[in-house]
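Model the full assembly from the supplied sequences, consistent with the hints where possible.
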Amino acid sequence: MRSSIAEEMRRTGTEDYEQLHGVVGDEADRAFVETTVDIETGRAEQQMRELREIEAARERVAQGTFGICIDCGGTIEYERLRIYTHAIRCAECQTLHENPGARGKIPKFH
1 MRSSIAEEMR RTGTEDYEQL HGVVGDEADR AFVETTVDIE TGRAEQQMRE LREIEAARER
61 VAQGTFGICI DCGGTIEYER LRIYTHAIRC AECQTLHENP GARGKIPKFH
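Residue numbers (the working numbering): 1 to 110.
No lab work stands behind these hints: they were computed from the structure. Owing to the predicted nature of the structure, the values given are computational and were not obtained by experimental measurement. In this text, a Cβ means the ideal position worked out from N, Cα and C, and glycines have one as well. Among the hints, a few may not be true.
[What the hints assert, rightly or not] Computed Cβ-Cβ distance ranges for the label pairs, DEER-style: (1) Glu50 x Asp71: 13 to 23 Å; (2) Asp26 x Asp71: 49 to 59 Å; (3) Thr65 x Glu27: 47 to 57 Å; (4) Asp71 x Asp38: 28 to 38 Å; (5) Glu34 x Thr75: 42 to 52 Å; (6) Met48 x Pro100: 26 to 36 Å; (7) Gly73 x Arg49: 17 to 27 Å; (8) Thr75 x Glu27: 48 to 58 Å.
Here it is as structure tokens:
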């Protein structure tokens, strides 16, 4: 899977643009082609990130640390893991990670 995603990233970054480059008629067409290539590249990069996160989650399972928050050491909520299987933080710590100014202002989820 990793190799197919990597190949897609390589292909998207060069081949698609090269194929369409000669067909592009004006600046609007060029902008459309560049945007399309950027979207495809972004999608492939997102797939690679997700694959790395899943691989890291599998490693945590093997180490016996899956479901343990990397910040507070508490248990990551079951509901959170059902939705976001490769979560590395409990909901409270993730909120603080994303918004450090929220410290003391967020409800407890534990």
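Tested hints:
Between Glu50 and Asp71, the C-beta spacing of about 21 Å keeps the proposed range 13 to 23 Å intact. At about 51 Å, the CB distance of Asp26 to Asp71 agrees with the hint of 49 to 59 Å. Our hint of 47 to 57 Å for Thr65 and Glu27 holds, since their Cβ atoms are close to 52 Å apart. In this structure the supplied range 28 to 38 Å holds for Asp71 paired with Asp38, their Cβ-Cβ distance being about 33 Å.
As the Cβ distance of Glu34 to Thr75 is approximately 46 Å, the hint placing it in 42 to 52 Å holds. Against the hinted window of 26 to 36 Å, the Cβ-Cβ separation of Met48 and Pro100 comes to about 28 Å, which satisfies the hint. In this structure, Gly73 and Arg49 meet the distance hint of 17 to 27 Å, their C-beta atoms being roughly 25 Å apart. Between Thr75 and Glu27 the CB atoms are about 54 Å apart, so this pair conforms to the stated range of 48 to 58 Å.
This entry satisfies every hint, going by the numbered hints stated previously.
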